[in-house]
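J.: Here is what each chain is made of, one letter per residue.
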Amino acid sequence: MNRWITQLRKGLLEYLTLNILNQKETYGYEIIQLLNTFESMDVTESTVYPILARLNKDGFAQVRKSSSPDGPPRRYYSLTPKGKARVAQMNQYWDLLNQTIQQIRSKT
Amino acid sequence: MNELTAIESRINQYLDAVREQISGLSPDEVDNIIDDLREHIDTALLAHGEQPTPENVEAVLAEMDAPASFAPDLDETTEVVPKVSRTAILGAVILPLGILMAIVTLMPVSSATFSAVDGVTSSNVPESIWWRWPLQVTILLLGIISPFATTILGFVSISQIRASKGKLIGKPLALIDALFYPILVFDGLLIAFLFVMIAAIPDGYLALTEGVTMLSYMLVIIINVIIGVIAWHKIR
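Residue numbers (my numbering), protein chains in the order written: chain A, 6 to 113; chain B, 246 to 481.
It is worth saying that the hints were derived from the structure and are not from the lab. Quick caveat, the model's predicted, so the values are computed rather than measured. By construction, the Cβ of each residue, glycine as well, lies at the ideal position given by its N, Cα and C atoms. Heads up, a few of these hints could be off.
[Unchecked claim] Once the Cα atoms are required to be at most 35 Å apart in a straight line, the calculated DSBU-like pairs of lysine-lysine come out as:
id : chain 1 : residue 1 : chain 2 : residue 2
1  : B       : K410      : A       : K112
2  : A       : K112      : B       : K328
3  : A       : K15       : A       : K29
4  : B       : K328      : A       : K62
[Said to hold, decoys possible] Chain A is nowhere near these chain B residues, computed Cβ spacing over 10 Å in every case:
id : residue
5  : A289
6  : L291
7  : F315
Work the whole structure out from these sequences, hints included.
T.: Structure below.
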């Protein structure tokens, strides 16, 4: 794996995790499963769980413990209002970044 | 029972190894990661069969990241909280000592003040006064060092803040440290020059003298502001 791809994925992971949590309340294992359904993403627990812990520490996400009918008790993550504001901000910036990339690529 | 204990022990062994790798994180983060990992292991074990066995546990742990993978890269994971430059703060602490020296040395307290008038000699200096001499000497020494130290610390902190790429803040403070005494000296020279010019005005032109004096003060203030603005734009 090229180093630059690894670095790019690392940078994107927090953004993608926030977007997943913006859509629904979910737990870490499911986030890993979901991200790994995309060929371009190859994530493991050592990358996702520290991000979730950090989001929780920084007040962007909150955890709710709940029993599960088909497995162990789950730790469900959801976004706080601060987290939702961060996602909106990040999405806005991502659109701008994407636009810039497109413009640069079309000129070269 | 022994099998379950062995399974728990193996899982805890893995979790402890991870805990060791992430010990630099906050306790809440460590607990979150460990709890998520425990849930992950339990979920993965269920996928291997209803009842966990030592073999299944080994298979699940083998599929998971090695504990060393959890070691955080602090440069990437920690959002840098900028700190105020300590050098700039030190400069600001030393800065008033020069002014204090000027005030203290101008205080009319000396043995000469007493000796002639009150008959006080060096052998019978009043108790309430004796401590002033060591204090004055200390303040004098610190006061002499203060302008140089403050100015140097100011310039050093400006370069440190600029090189820190956002990790250090406090440019305004650093700028005050760097420019306070040089501007004070410049102002002193400028005022002295202007007073020489004012002194050249013949007697009897009171209104002109007052006007020129007022203009001189305004000129000094304007020059100070211009120097401050230019310096600020240079270091931004």
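J.: Give a verdict on every hint.
T.: Comparing the hints with the structure gives:
no. : hint              : in the structure
1   : B:K410 <-> A:K112 : 31 Å, holds
2   : A:K112 <-> B:K328 : 41 Å, violated
3   : A:K15 <-> A:K29   : 22 Å, holds
4   : B:K328 <-> A:K62  : 20 Å, holds
5   : A289              : 8 Å, violated
6   : L291              : 6 Å, violated
7   : F315              : 5 Å, violated
Hints 2, 5, 6, 7 from the earlier list are contradicted by this structure; the remaining hints agree with it.
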